[in-house]
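> The residues making up each chain are set out below.
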Amino acid sequence: MKLSRLCCAVFISGVALVTFAQAETTAPEDVQIQALSINKPLTNNAGDPANGKAVFVNRKLGNCLACHANSDLKDQLFHGEVGPSLDGVAQRWTDAQLRTILVNAKAVFTEQTVMPAFYSLDVGANVRKDLIGKTILEAQDIEDLVAYLSTLK
Amino acid sequence: MHVMNKKALLTAAFASLSTLAVASPVDDVLIIDEEIEMTTRVESVEGHPIPEVISGWHYRTPETRALEADSFANPGMLGVETGESIWHTVEGTAGKSCASCHNDATVSMKGVGANYPKWDEKNQRPKNIEAQINHCRVENMGAEPYAFDKGGQKPLTAYIKHQSLGMPVEIDLEEGDMQAWWEKGKETYYLRTGQLNLSCASCHEKNHGNYIRADHLSQGNVNGFPTYRLKQNKLISLHNRFRGCIRDTRAEYPAAFSDVLMGLEVYTTWRGTGLAVETPAVRQ
Chain X
6 MKLSRLCCAV
16 FISGVALVTF
26 AQAETTAPED
36 VQIQALSINK
46 PLTNNAGDPA
56 NGKAVFVNRK
66 LGNCLACHAN
76 SDLKDQLFHG
86 EVGPSLDGVA
96 QRWTDAQLRT
106 ILVNAKAVFT
116 EQTVMPAFYS
126 LDVGANVRKD
136 LIGKTILEAQ
146 DIEDLVAYLS
156 TLK
Chain H
89 MHVMNKKALL
99 TAAFASLSTL
109 AVASPVDDVL
119 IIDEEIEMTT
129 RVESVEGHPI
139 PEVISGWHYR
149 TPETRALEAD
159 SFANPGMLGV
169 ETGESIWHTV
179 EGTAGKSCAS
189 CHNDATVSMK
199 GVGANYPKWD
209 EKNQRPKNIE
219 AQINHCRVEN
229 MGAEPYAFDK
239 GGQKPLTAYI
249 KHQSLGMPVE
259 IDLEEGDMQA
269 WWEKGKETYY
279 LRTGQLNLSC
289 ASCHEKNHGN
299 YIRADHLSQG
309 NVNGFPTYRL
319 KQNKLISLHN
329 RFRGCIRDTR
339 AEYPAAFSDV
349 LMGLEVYTTW
359 RGTGLAVETP
369 AVRQ
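Just so you know, the sequences run in chain order X and H. Under our numbering, the first residue of the first sequence carries the number 6, and numbering increases by one thereafter. Under our numbering, the first residue of the second sequence carries the number 89, and numbering increases by one thereafter.
Hints are not guaranteed to be accurate.
With a straight-line Cα cutoff of 30 Å, these simulated BS3-like cross-link-like pairs (lysine-lysine) come out [stated by the list, open to error]:
id : chain 1 : residue 1 : chain 2 : residue 2
1  : X       : Lys134    : H       : Lys294
2  : X       : Lys65     : H       : Lys322
3  : H       : Lys238    : H       : Lys210
Listed next, with one range per pair, are the computed distances between beta-carbon atoms [said to hold, decoys possible]:
id : chain 1 : residue 1 : chain 2 : residue 2 : range
4  : H       : Asp265    : X       : Gln117    : 29 to 35 Å
5  : H       : Thr149    : X       : Lys79     : 20 to 26 Å
6  : H       : Tyr278    : X       : Gln96     : 31 to 37 Å
7  : H       : Glu134    : X       : Asp35     : 47 to 53 Å
8  : X       : Leu78     : H       : Glu275    : 37 to 43 Å
9  : X       : Val62     : H       : Gly362    : 39 to 45 Å
10 : X       : Val62     : H       : Pro137    : 30 to 36 Å
11 : X       : Lys139    : H       : Gly183    : 54 to 60 Å
12 : X       : Asp35     : H       : Asp303    : 32 to 38 Å
13 : H       : Gly362    : X       : Leu78     : 37 to 43 Å
Treat the hints as calculated values from the structure; they're not laboratory data. Built from N, CA and C at the ideal position, the CB exists for glycine as well.
Pulled out of the complex, with its shape left as it was, chain X reads as follows (with noise of 0.2 Å):
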């Protein structure tokens, strides 16, 4: 996917170094964690936050409200009620702290967490074998769900 866009970007245009950058993205391995945060975003494409709500309730991405209840939401049957509501959460923590969250929630939390790693290869054993290798989430979809967690203010 990540490089079908880059060989287009390579035919159609002479700017094709400003391309590679624009579709830069950190590998799950290279992500840095200092102090809780992530502050280096995971692509150069800004987060959309209409994405992040879509990423948010897909049963086959996020599904987060399996596990978070959130007022943003009441339009959706079943909340979980396994971690806590996330109304207000921008308030309680950074777009940085936000990302490594739901990078790696056991950077954050303890490693007792229940919460799923969704960018990490730290994840638990016998790993179904399509899957191995491979991160829940894209890093675009993390960006995109930061973006929407910071407007539950």
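Following the hints, position chain H against chain X.
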């Protein structure tokens, strides 16, 4: 900033405490056919991490609970009836049925299901009811063993366990190497698996009483198996349930009756010690 994080964590803790109070298991009593009073809550055995063991029945809707309380309404009872007819059916080269050796199951099988898994001396591993049925089919009837979840395995297991309806679950860990299998099962119970990195304990020990999306999490007790699942409209075996829960963590799941799942059956059965056998329980 640091102080703020602490505060956020505290808020989080309070939020989940208050939801716990709302979503905790319902206060209700299970009496089957207005006759058999079932132990659905009991003080746990020594060494158990949760002080009170609670049947999955308490976490279900009023409609689902009512179905289990009435054996005419309980759709799992059809499976039990099928099991009864299999009990009397001659199969295999020896020309025998279960009844040829064990006569009336309401007498000979009473209490049996409540004390399984038991130690299998010959095979040096624990055996569950399914394994014992296959043992009898092969050794005593000259019939083929049932494949997992196939043939009469689920109904016959349900019929046998149903003969212990209302009796307390209790297994003997002193027999053979049962204790070692209990240890293995415990490891499996706490092993975090899959891309979602969850263990049985993540859902059934830390979060029983909480909703995970539309599902009200119970303690994952095994006293009602095979259970009738309304979602699937059929009897569901215990090892099928184990595999489903493991699959939901996005992990590869072990084979039914493998060492890993037999250990888990020993360990989870022990966790439910003292609960009444509910087979066939009704679940969503």
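> Now, for every hint given, state plainly whether the structure supports it.
Structure-based check of each hint:
1. Restraint check: the Cα-Cα separation between X/Lys134 and H/Lys294 comes to about 28 Å, which is no more than 30 Å; the hinted pair holds.
2. Distance hint between X/Lys65 and H/Lys322 is fulfilled; the C-alpha atoms sit about 26 Å from each other, no more than 30 Å.
3. For the proposed pair H/Lys238 and H/Lys210, the alpha carbon gap of about 24 Å is at most 30 Å, so the pair holds.
4. A C-beta distance of roughly 31 Å is found between H/Asp265 and X/Gln117, which places it inside the suggested range of 29 to 35 Å.
5. The beta-carbon spacing between H/Thr149 and X/Lys79, approximately 22 Å, falls within the hinted interval of 20 to 26 Å.
6. Remark: the range hint 31 to 37 Å for H/Tyr278 to X/Gln96 is upheld by a beta-carbon distance near 35 Å.
7. H/Glu134 and X/Asp35 have their C-beta atoms about 49 Å apart, which keeps the hinted 47 to 53 Å range intact.
8. Between X/Leu78 and H/Glu275 the beta carbons are some 38 Å apart, a value that agrees with the proposed interval 37 to 43 Å.
9. Between X/Val62 and H/Gly362, the C-beta spacing of about 41 Å keeps the proposed range 39 to 45 Å intact.
10. For the pair X/Val62 and H/Pro137, the supplied restraint of 30 to 36 Å holds, since their beta-carbon distance comes to about 34 Å.
11. The beta-carbon spacing between X/Lys139 and H/Gly183, approximately 56 Å, falls within the hinted interval of 54 to 60 Å.
12. For X/Asp35 paired with H/Asp303, a C-beta distance near 36 Å keeps the hint of 32 to 38 Å intact.
13. A C-beta distance of roughly 41 Å is found between H/Gly362 and X/Leu78, which places it inside the suggested range of 37 to 43 Å.
When each numbered hint is compared with the structure, no violation occurs for any of them.
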